[in-house]
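J.: Can you build the whole structure from these sequences, using the hints too?
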Amino acid sequence: MTLLQRRKRLLPYLLLGPGFLWLLLFFAVPMYYMAKVSLQSGTIDTGFRFTWELSNYSNAISTYSEQFVRSFEYAGLATLLSLLIGYPLAYTIAFRGGRWRNALLLAVVLPFFVTYLIRTLSWQTILDDGGWVVGTLKFFHLIPQDGRVLATTGAVVAGITYNFLPFMILPLYASLERIDHRLLEAAYDLYGRRRHVFLRVTLPLSMPGVVAGVLLTFIPAAGDFVNAQLLGTPRQFMIGNVIQSRYLAVADYPTAASLSFLLMALILVMVLAWAKFAGTESLMGAEAR
Amino acid sequence: MEAATVPARPESRPRAARLGRWLLDRSLNVYAGLALVYLMVPIAIILLFSFNNPRGRFNFIWSGFSLDAWKHPFAVEGLADAMKSSLEIAALSTIGATLLGTLMALALVRYEFRGRGATNLFIFIPLATPEVVLGASLLSMFLSFGFATGFTTILIAHIMFNVSFVVVTVRSRLIGFDRSLEEAAQDLGANSFQTFVRITLPLIMPGVLAAALLAFALSIDDFVITNFNAGSTVTFPLFIWGAARVAIPPQINVIAAMIFLVTLVAMLLTVWQQRRAERMAAVRPETLEA
Numbered sequence: 000m001t002l003l004q005r006r007k008r009l010l011p012y013l014l015l016g017p018g019f020l021w022l023l024l025f026f027a028v029p030m031y032y033m034a035k036v037s038l039q040s041g042t043i044d045t046g047f048r049f050t051w052e053l054s055n056y057s058n059a060i061s062t063y064s065e066q067f068v069r070s071f072e073y074a075g076l077a078t079l080l081s082l083l084i085g086y087p088l089a090y091t092i093a094f095r096g097g098r099w100r101n102a103l104l105l106a107v108v109l110p111f112f113v114t115y116l117i118r119t120l121s122w123q124t125i126l127d128d129g130g131w132v133v134g135t136l137k138f139f140h141l142i143p144q145d146g147r148v149l150a151t152t153g154a155v156v157a158g159i160t161y162n163f164l165p166f167m168i169l170p171l172y173a174s175l176e177r178i179d180h181r182l183l184e185a186a187y188d189l190y191g192r193r194r195h196v197f198l199r200v201t202l203p204l205s206m207p208g209v210v211a212g213v214l215l216t217f218i219p220a221a222g223d224f225v226n227a228q229l230l231g232t233p234r235q236f237m238i239g240n241v242i243q244s245r246y247l248a249v250a251d252y253p254t255a256a257s258l259s260f261l262l263m264a265l266i267l268v269m270v271l272a273w274a275k276f277a278g279t280e281s282l283m284g285a286e287a288r
Numbered sequence: 000m001e002a003a004t005v006p007a008r009p010e011s012r013p014r015a016a017r018l019g020r021w022l023l024d025r026s027l028n029v030y031a032g033l034a035l036v037y038l039m040v041p042i043a044i045i046l047l048f049s050f051n052n053p054r055g056r057f058n059f060i061w062s063g064f065s066l067d068a069w070k071h072p073f074a075v076e077g078l079a080d081a082m083k084s085s086l087e088i089a090a091l092s093t094i095g096a097t098l099l100g101t102l103m104a105l106a107l108v109r110y111e112f113r114g115r116g117a118t119n120l121f122i123f124i125p126l127a128t129p130e131v132v133l134g135a136s137l138l139s140m141f142l143s144f145g146f147a148t149g150f151t152t153i154l155i156a157h158i159m160f161n162v163s164f165v166v167v168t169v170r171s172r173l174i175g176f177d178r179s180l181e182e183a184a185q186d187l188g189a190n191s192f193q194t195f196v197r198i199t200l201p202l203i204m205p206g207v208l209a210a211a212l213l214a215f216a217l218s219i220d221d222f223v224i225t226n227f228n229a230g231s232t233v234t235f236p237l238f239i240w241g242a243a244r245v246a247i248p249p250q251i252n253v254i255a256a257m258i259f260l261v262t263l264v265a266m267l268l269t270v271w272q273q274r275r276a277e278r279m280a281a282v283r284p285e286t287l288e289a
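So the protein sequences, as listed, match chains P and C.
If you count the first sequence from 1, position 47 lands on 46 in numbering that gives the first Met the number 0, and the numbers rise without skipping.
If you count the second sequence from 1, position 101 lands on 100 in numbering that gives the first Met the number 0, and the numbers rise without skipping.
Worth flagging that the hints you see were computed from the coordinates, not collected in a lab.
Beta carbons: idealized from backbone N, C-alpha and C, even for Gly.
Only true hints are included.
According to the in silico footprint, chain P covers these stretches of chain C (three or more CB under 8 Å from chain P):
#, segment
1, 23 to 36
2, 253 to 259
Covered stretches of chain C, as calculated for chain P (at least 3 residues, CB under 8 Å):
#, segment
3, 43 to 54
4, 100 to 113
5, 231 to 245
Cβ-to-Cβ under 7 Å is the rule here; a few derived chain C residues that face chain P:
#, residue
6, F59
7, I60
8, P125
9, A127
10, P129
11, V131
12, A135
13, S139
14, S143
15, D220
16, F222
17, T262
T.: Okay, structure coming up:
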């Protein structure tokens, strides 16, 4: 009996073990090595040595502050746009989708079925200098006759918004769909005006979705470098571009590693600030789902 | 649906307000429709341009219909090899991650044990870490060990980022699991292994399949993490990345269209299978009585 009980108590750890070990070895331990690399000095030619080189961090901040600011600007803007595009869509699917709900949801995730890079490249086609988007904008004199859309901030933000929009819509939908319709009916029975019912009942009840959607959109957006690379120019480059090229093109590992840690720390600070603002309860509620 | 959200109001409402409401209703639908179009347009463009007959090296401007690329999808040098690596890595990492992740999800939902909350958090953190950081940190470790990057390191990385996704997907399915079915099996004399194989596994299979499908799709699509840990191995996304600077043949669109269609069909099949399983699980005495 005691042996059986012991086995029962060990069982969860045995089930967890292999996966836990994998994450430990290939997620947690690499963070330690990246921390070590970020404190090294030297170059690829002379070799790197661990010297507690904390100046890597201050140099990284002073050299690349522009890209840091830009990353968070673009990510913030793209998150806001995703919310503005995604909320009405999620609302419509949840409350008016009827029997088309699942089909509409499938349509929302369809972009994920196309390779990320191709999705981004297709924006090159759409926003091409000779394409109809640029043509229409020129026709209405919204951009000058020699103006471009590609290789501008607008193109990069549009690409980021597009690529991460489903991450916003899905949690929004999940929380809107769970709202008890009787609550809305009660509000109307009490002669609540449409606007007030939305602002005081629907919106607060969908907050977990908003909180989760903002996080799921903002985090990958802030670290992205594909959109800036394919749809922008070096003037649009974000911190992800710098990390990528410092690691893979220049082999300046210490700088790249310290930039990665700074990015992670900044994102963490923003997530915590957002959690504080939005309330940890809804954050946890979103996570637990 | 409509009636439930917008119940009848007092009759005395002025006509102008009703008109305003009608307009708001319609404009919301139109807005949602436009948002859907925004999501669909790039996909349509990709499919359309797989039939393009481009004049230059880049497939950005429409210049005539052609079936060439569809007839010879691998006529571009290196594309077939890249696709082969992608499929191999996707298949292997799916098997690995689904196995590890499903076991973890079982432990997390089924058992109360010390450190459960912390484990949940630990599984969640990789999901909340930007891909660049995941890729860069793995590369840092491989560099520190002098471990050459290539097929193996890509596979390690893909299993790593997929495990968390599998856990989250399977866990959400396990939460609604009716344990009385297992108790019934054990009352009828099945041991715990038999119960698991004959009862538990078939019931959680839709969730496991959905997780495997997700893992496969994420693996075959991954560029950022792969880019850091690929060495000289080229996967399909890495091939596109290289091609984007030199020349983009329509064959790339053809392969993307194929992946798109296969994923779509697989997705529809899982949804169908899931519904069937749900219907089967719903046939139980208490539902019949109700």
